[in-house]
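Model the full structure from these sequences, guided by the hints.
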Amino acid sequence: MTKKDLKKQTKVLFLKNIQLIVYDFDGVLTDNKVILREDGIESVVVNRSDGLAIGIINDRGIKQIILTMETNKVVEARANKLNIPVIKGVVNKKETLVSYCNENNIQLSNVVYIGNDINDFEVMSIVGYPVCPLDAYEEIKRISKIILEVKGGEGVVRDFLNYIEPDNKEKLKCI
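The sequence shown maps to residues 1 to 175 in full-length UniProt numbering.
Bear in mind the hints are in silico, worked out from the structure with no lab data behind them. Please note: incorrect hints may appear among the correct ones.
Said to hold, decoys possible - Derived SDA-like pairs: lysine to any residue, alpha-carbon spacing no greater than 20 angstroms straight-line:
id : residue 1 : residue 2
1  : LYS94     : GLU122
2  : LYS73     : VAL86
3  : LYS94     : TYR137
4  : LYS33     : LYS145
5  : LYS94     : ILE118
6  : LYS88     : ASP117
7  : LYS63     : PRO85
8  : LYS33     : GLY89
9  : LYS145    : PHE121
As structure tokens, then:
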């Protein structure tokens, strides 16, 4: 079996097992930068291709949530636009995710967590599929089963979609 065959087989098995995909916000759905206006209002830039990918994943019936320490209203606005739940202002992501999974009958071994920084380490250590963007903190890269080919804010979810729907890769390039 070639490396390419093994990768394709892994992708197919991967899709069958996913019950939940969890996204950190800053550094995953954004480039981890903030635009700060002189009146103190913060703005971030998000990638529209992530929105497309999240919609496709929703259509497949896979649950998705944003789990973040961030409390800014921009997180909730983006989650509402994407039609996925958000749990924001989270101090202990591990504890919060365990609770969420217990309440929703989701096995942690069937959870994908896409994170990028040290505050994601503990929670990523307990899920079945830790994933990170290319520019993630080194410790996060070490525990990730998949290191994506893009940096945070550059279409992380869109790139991840190729791992759960490998046959979609060419179709999505045409959109």
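Restraint check for LYS33 with LYS145, where alpha carbons must lie at most 20 angstroms apart: Violated: LYS33 and LYS145 sit about 26 angstroms apart, past 20 angstroms.
Hint consistency between LYS94 and GLU122 [alpha-carbon to alpha-carbon, up to 20 angstroms]: Distance of about 6 angstroms is within 20 angstroms: holds.
20 angstroms Cα cutoff - pair LYS88, ASP117: holds (16 angstroms)
Holds or violated: LYS73 to VAL86, with C-alpha atoms at most 20 angstroms apart: Judged against 20 angstroms, a Cα distance of about 11 angstroms means the pair holds.
Agreement of LYS94 and TYR137 with the hint, judged by alpha carbon distance not exceeding 20 angstroms: holds (18 angstroms)
Hint consistency between LYS33 and GLY89 [alpha-carbon to alpha-carbon, up to 20 angstroms]: Given that 20 angstroms is the threshold and the Cα spacing comes to 18 angstroms, the pair holds.
Given pair status - PRO85, LYS63, alpha carbons within 20 angstroms: Within the cut-off at roughly 9 angstroms; holds.
LYS94 paired with ILE118 [C-alpha distance capped at 20 angstroms]: Measuring from Cα to Cα gives roughly 12 angstroms; hence the hint holds.
Hinted pair LYS145 and PHE121, Cα distance within 20 angstroms: Within the cut-off at roughly 13 angstroms; holds.
Taken one by one, the earlier hints fail for this structure only at number 4.
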